[in-house]
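Novice: Sequence:
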Amino acid sequence: MSIPASSLMPGQSIPATNDPTPDLPSWIDAHSEDPRHLGALIDRLASITLPEKPWSSVGIETPLSGGIERLAWSWNRAAANLADRGHYQAAAEVWAGHYLACLSLQQKYQYRYHKGMPLCNLGYALARAGHGSFAAKSTILGVIEDALTDPATAIEHQSAVNLLRWPVAPAVIEQLITTVQSRFLDLQTIMPVLPETVVEIWRSPALLAPSERCMGNVDEFSSRLRENYPRLSDPANCSKILGQFWSFADWSEGIIRGR
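Start counting the sequence shown at 1; every next residue gets the next number (my numbering).
You may find that some hints are simply not true.
Quick list of the computed label-pair ranges, beta carbon to beta carbon [unchecked claim]: (1) P205 x R36: 41 to 49 Å; (2) A30 x A206: 52 to 60 Å; (3) Y111 x E227: 16 to 24 Å.
If you're looking for bench data, these hints aren't it; they were derived computationally from the structure.
The model shown is predicted, which means the values in this text are computed figures rather than measured ones.
Note that CB positions come from ideal geometry on N, CA and C, so glycine has one too.
Put together the whole structure using the sequences plus the hints.
Specialist: Below is the structure:
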């Protein structure tokens with residue numbers, strides 16, 4: 001299996017932050033040399049990503065002021081620092097925290113945002129940490145996010161490229177993208193808020209809705225995000241939170257050749 005790549009590293013980032021401290025990059029670098037400060041690191045990244053007063057438009061960065069990716073640079077810088085030093089599980093926790101923060105913003109503002117970047121990066125780190133099935137689940141969700149945004153180019157994005165490196169048959173990825181387009185975009189013009197609600201319909205095309213277990217997990221997970229806003233619960237164990245949320249099905253099963 002060829003190791004997948006991440007979608008964005010610090011040098012490609014666009015600085016934007018709700019933290020007024022001018023030495024934030026230096027603070028991130030000092031706290032992402034190893035996993036010792038992981039909880040404090042993710043907690044601060046969440047605090048500068050999730051506005052305490054989201055209704056205010058004065059002096060804060062929001063997804064509406066420039067896109068959710070403008071707020072990604074701090075997460076990518078911290079996680080890439082850890083990954084560069086071989087701390088892939090810690091990098092996965094940071095990128096899992098980034099995804100959770102994106103979902104918190106999405107829930108608070110009641111808009112769907114493109115979340116392909118943290119899902120792709122999380123899949124990369126999990127794969128390097130040896131968690132193949134977990135990594136594949138994240139990467140498949142990344143493809144769904146790309147397809148919901150633009151099905152015509154989804155096959156070219158890093159998540160699809162990474163699945164091909166696993167290897168996953170190109171027809172499987174094309175079928176996933178086609179399912180997203182035909183079931184949600186072309187005929188019904190339904191835009192799923194969470195990519196997780198797509199996977200069962202992709203695996204079982206006769207379904208008209210996600211399973212009861214999926215809906216139950218979504219409800220429980222959404223309540224947890226809402227109750228903890230503007231913070232993340234248990235910031236040092238963000239991948240565990242996602243693992244619990246994603247436990248309603250294993251949509252990576254049978255997808256990777258030889259597994």
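Novice: Which of the numbered hints are not met once you compare them with the structure shown?
Specialist: Violated hints: none; all satisfied.
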